[in-house]
Every structure is written in C-alpha cells, then in structure tokens.
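Residue numbers (UniProt numbering), protein chains in the order written: chain A, 1 to 298; chain B, 1 to 171.
Hints in this document: simulated from the structure, not taken from any laboratory. Quantities reported herein were computed from a predicted structural model and do not represent experimental measurements.
Some but not every residue of chain A turned toward chain B, in silico, with C-beta under 10 Å: (1) I3; (2) A5; (3) G34; (4) P40; (5) L44; (6) T80; (7) V107; (8) R110; (9) V190; (10) D192.
According to the in silico footprint, chain B covers these stretches of chain A (three or more CB under 8 Å from chain B): (11) 45 to 56; (12) 91 to 105.
Just the calculated beta-carbon pair ranges, DEER-fashion: (13) V12(B) to A177(A): 53 to 61 Å; (14) A153(B) to P6(A): 44 to 52 Å; (15) A244(A) to A153(B): 54 to 62 Å; (16) C135(B) to D121(A): 28 to 36 Å; (17) M41(A) to T13(B): 25 to 33 Å; (18) Y158(A) to C39(B): 17 to 25 Å; (19) V66(A) to V12(B): 41 to 49 Å; (20) G26(A) to T33(B): 35 to 43 Å; (21) Y158(A) to G99(B): 37 to 45 Å; (22) R48(A) to E15(B): 22 to 30 Å; (23) A153(B) to R48(A): 44 to 52 Å.
Beta carbons: idealized from backbone N, C-alpha and C, even for Gly.
Next come the chains, spelled out residue by residue.
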Amino acid sequence: MQIPAPFDYVRASSVDNALALLDRHGAESRVVAGGHSLLPMMKLRLARPDWLIDINDLYELDYLLVDGPVLRIGAMTRHTTLLESDDVRRLFPIITDAEHVIADPIVRNRGTIGGSLCQADPAEDLSTVCHVLDAVAVVRGPAGERMLSMAEFHRGPYETAVAQNELLIEVRVPIRAGSGSAYEKVERRVGDWAVAAAGASVTLAADGTISKATVGLTAVGLDRNVTEVEAVLVGQVPTEQLFAEAGQLAADACDPLADQRGPIDYKRHLADELTRRVLRVACSRAAASVPDVTIQEG
Amino acid sequence: MQISMTINGTDVTREIEPRVLLVHFIRDDLRLTGTHWGCDTTNCGTCVVLMDGQPVKSCTVLAAMADGHTITTVEGLAHGATLDPVQQGFMEEHGLQCGFCTPGMMLTARALLDHNPHPEPLEIREAISGQICRCTGYATIVRSIQWAAEHPAGAAPETTTSESTEHEVHA
Ligand SMILES: Cc1cc2nc3c(=O)[nH]c(=O)nc-3n(C[C@H](O)[C@H](O)[C@H](O)COP(=O)(O)OP(=O)(O)OC[C@H]3O[C@@H](n4cnc5c(N)ncnc54)[C@H](O)[C@@H]3O)c2cc1C
Ligand code: FES
Ligand code: FES
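With the rest of the complex left out, here is chain B:
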C-alpha cells in the first residue's frame, strides 16, 4: 500500500507492506536511524517519536496508521545548526551516557514543555516514566529537562559554559 506523511517537515510517500511498524519504516525505509529500537514490547520508550506533536511508542504503531500524520523524530529537533533547548539541556546537564534512551527522552521532553512550559520535577519524572534509562539513574535527565524549561530560547554557545558551571555549583 502507499502511505504519505510529513516527517521532520518533509513530505514523504512510500510503498509499504501494511504490517511494517512505524519504527522500522523510519529506520529502514527512511534511514533515519536516530530513532532507536529496543525492547519491541512497548516498555522501554527508546522508539518514541512525536505523532502530531504527541509522544508515541513507534514499535506499537503501524506505519500505515501514521499515513496522513505529522511525525517528528530526533533528527527534526534542531532548527538548522541551532540545537533545540532540550538538546542543549542534555549537553549542559549530562543527560546521557550511552545515549540509547536519549532520542525518546528528548522527544518526550519536547512534548512535555510544549504542553507545560514550567513543569515541576515530579511532573518531569512522571512524563518520562514510560521510558527506561540504564545509565544515568534519571537525575541528570530530569535536570536536563529542567534546564530546557529554564532556557526556552536556548543559550548562546559562549554563555553556556559559565552558566552550567554556576548551575552545578548550586545544584
């Protein structure tokens, strides 16, 4: 069957088998391998992408179900050369170690902040509660998302270093 969707602002049309899952369509057909594929059982959340702005686990959505919808993957977060504040936050606050959970975490964070620009730490924890990180212990992920909430316009590269030092001293 033929499906079309807008992915990271680009319209794509492809011929697929109806049983193809969205995660494999994104990774294998579109070669956007930033979206990770982990548990395959709707538990780990590394496959999270935004569908019409809402986080969904793409291992449990058919590509056919995304026909006509708008998808954002981690590759679509940055605006040209400028990283999304969420991406900057993960750099500033060391929100990743191996990076496997990171694409899903960042997309959930983006959707959370779009919906609730000033989340409490508990609201952040709840938002990412369907996602597993085996490295960080979550604390730095929560801080990264808080950083993004505190810097909705991001930060200029030269000021980020001093700000982050300040932040670490006070944290």
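Here chain A stands alone, though its shape is the one from the complex:
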C-alpha cells in the first residue's frame, strides 16, 4: 500500500495567497495542481514535502484566451480542456495531437499544463510542444512577473527555472499566419509514456516555400529543439526528400538511452521516422491555411 509520508495541507484561495503560503512555509512546501505527477512521487516517497499547498481552487488560472497574436493558456488548464478546445485545434493542432496521447482520458481530467511543464519529465509531451511553438512561460513570484522562453524555463530533466517561492501562471503561444503543426508519439500501450515522440511547426511563405520550421523530440535525450533541421528546411519547397534529410538530422541529434521501452537504435529510428511524419502533416496543415499552395508528392 503506497501512502505519502505525513505532511500538512492547506488550500490556496488566490495566486497571491499561494505565493504568500509558499513564502511562509519555505523550502519544504510545494504546490499541488492535478497531483498526477506529484502524488505518485509522494506515494513512492520520492517527494516528501512538509507542506502541500493545493492550488485547485485557483480557477482564475483555468482559461484559454485568444488575445491578438497570442494564445494565452492559464497554468491550471486541464489536459481535457486543451484536448476539447476548438481554438486550440484550429490554431495549434500539435497541442490537440499531443493531448490525444497524453496519459488516458481520466488522468487528463486532472493533469494541468502548469503541472506538466513544472514536472519537466523527460518523457513529458507538452514540454516538447511548447518548445516547438516558441511558447513563453509567465512566472510570478514575490518580486513580480518574469517572462521566460522555453529554453530559459526548461533547465533539464525534472528541472525548471521556477523557484520554490514562484508559480507558473500562464503559457503564451505566438500565433503565426500560414502555419501548421503536428505531434506524433509511439507508445507501448494506450496511456503510457512515449517510447519516442516528435513535434513540428512549419510556416509557409506565400510562394509555398518554408519560412520557418521547428522540430522537437520527446523521451530521446534532447532537451532542446532539433535546431539543425532549420538550415535544411527554410527557403525550400517541402518535399519527401527534404523530410528524409530532416529525419536523419533528428536521429543524429538525439541521444536516447536503452530501457524497458526499447533499445537505442530503435529509438533513433523512431526519431527519424516520426520527424518525417510530423513534418509531412505540419506542412500539409500549413498549406491548407495558405491559398494556392499544395505539397508535392515524392
């Protein structure tokens, strides 16, 4: 029977109240959002906070807002809300694709985007998605708000720039005309963490050439985007040949570990194949939003 070590529990009533509680209870206090990463860790005694500050009453952080050129996502937005949002599907199908394969529908009822990004598990899907979309993390603490790029936010496996007395408040995703995006994951069974996954976002110019392209990988030992692919893709008309080149670069850039989910060569193969697939889909989705552009076959 897995039971967490003893702790004291308090429910925050607002963002300011949560920040004050983090400040008051200090280093051994931790916020709990959906609890679907933290509670399993507490049950295994891998985490033993003295104080648990429940932020589930912070409905003020549960929102999706198209605000001019950005989509603003409150940190307490649940996976299910992201999956079911028409705005998200229209603007960033990569998020919808990823949400479809994150855990299972019941876990998705609880887990939040804020908890996912702050957990920073190497197999966590939304981190890759946010890297690929050039998202900005809004972090609030006693000294006010900071805006962090994903590269600044995400420091490595299980490590972020969010200090003990700070909260992730919001994720801002820039909206770009003529863009398409996609995510694909290989998992051992429904609801499992990725063996490997890839995400891509592509922007097409009016002449059908790629003006911006970003690829990211999940669970294969790469904490950043596959920046190598940009030089190959930008300025070119999308073709299968180009996707294959990008796939090869992704396979070379990643650094997977052999584990119960598979050996290294298999994961490298997935990095290659999934990169091709997400680029293919992202380009065709981008083309659908740019008149007169069709993607060539072969």
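Put chain B with the ligands on the given structure of chain A with help from the hints.
Frame of chain A; chain B with the ligands shown alone:
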C-alpha cells in the same frame, strides 16, 4: 484536519490525516467498499469515482482535495431499487466476469453518457482506455455501455429478457 463532502447525495464530515487518499477514505472511513483499489499507480482505473460528475482515479486524489466537492461511487448509481441503465446494460450484455474492474467502468460509462448520450463504439473504447479489464476482452463492456445509450430510461424487468435475446441474435 476536518473535511466535508457530499457522497452519493449524503453530506459527510470526518476528521482525517491530510495524507489519506480518497480511495482509502471512501473504503475505510466511509466503508463504501464498492470502489475497488487495484494497482495503486494510476493505471488500472478500478478506483474511478466521479468528482463533480467527472471520472477521477481516487488512488491519486487526496481525500483533502475532495473537501467541498461532490463524489459519486458505484453505490450511488442506482436510484433506490431501480438500477442505472449502465448497471442494467452490464447485466444484459454480460459486461463483467470477476467484477473487479466493474465499478470504475460503470462510473466512467455514466460520465460518458451524461456528456455524450450517443457515443460511437470507438468513443466508448476511448473513454474506458484508462481502465484495465483482465477478464472480458472489453467487447462486452463496450456493448453494455451501448445498451445503456440505447436505453436511457433503462428497461422494465419483464421486457429485458426478450430484448436481450433479440440483441444477442442480431449482434
Ligand atoms: C498513469 C499516468 C500516465 C501519464 N502519461 C503521461 C504521458 O504520456 N505524457 C505526459 O506528458 N504526461 C503523462 N502523465 C503526467 C500527467 O500529464 C500529469 O498530469 C502532469 O505531468 C502533471 O500535471 P499535474 O497538474 O498533475 O501536476 P502535479 O502533479 O500537481 O505537479 C507536478 C509538479 O509541478 C509543480 N507545479 C504544478 N503546478 C505548478 C505551478 N502552476 N507553478 C509551479 N509549480 C507547479 C508541483 O509542485 C509538482 O512539483 C501521466 C500521468 C499518469 C499518472
Ligand atoms: S488503483 Fe487507482 S488506478 Fe489502479
Ligand atoms: S471483469 Fe474481471 S477485470 Fe474486468
């Protein structure tokens, strides 16, 4: 600490340790043992209960987090002596064998039908994809939930037998 919640329509207040998980609160403190406890790792879904109408895995929710909320367990599905159509469906279509996964499956089914009264078989499969059944192979569970969708008011006891025979012949 003291917590209060509405469980199957009844208000309860109890003194608990903050680290008590909702599944143990329901089973051990409230003695509602219809909610099962299986993997303990958020994978099997036998511990599913409805929290404010939404299925959650109660082994991964603190009882303290349910303070002030409304919980429905399998004991709260029937209305007096009348079984919920989902429960009837599981009888009609043989949706269970050992019954271990059944409480969680039925609560997820109830929430699905409340949200989407006419689900496609694929939508049913997706809804229960976070739950494991080691007996049935799932096909009869999907059919049970379909039965409930087709009989939103349930069925009168005397008509169910003939209907189910008909259904089996055509299935
Ligand atoms: C069975 C299972 C399968 C899963 N499969 C996948 C999967 O395939 N892909 C995937 O990506 N994820 C998966 N997850 C993880 C799931 O998405 C979690 O819900 C998510 O990682 C954490 O979100 P949470 O809201 O539950 O965070 P919590 O567990 O509440 O918190 C996680 C961490 O973030 C901190 N935190 C939370 N919110 C904030 C905030 N606003 N500001 C600062 N710190 C904060 C907490 O203190 C804690 O350290 C799975 C989980 C389970 C249980
Ligand atoms: S006991 Fe909760 S999911 Fe298995
Ligand atoms: S009926 Fe036995 S586990 Fe489902």
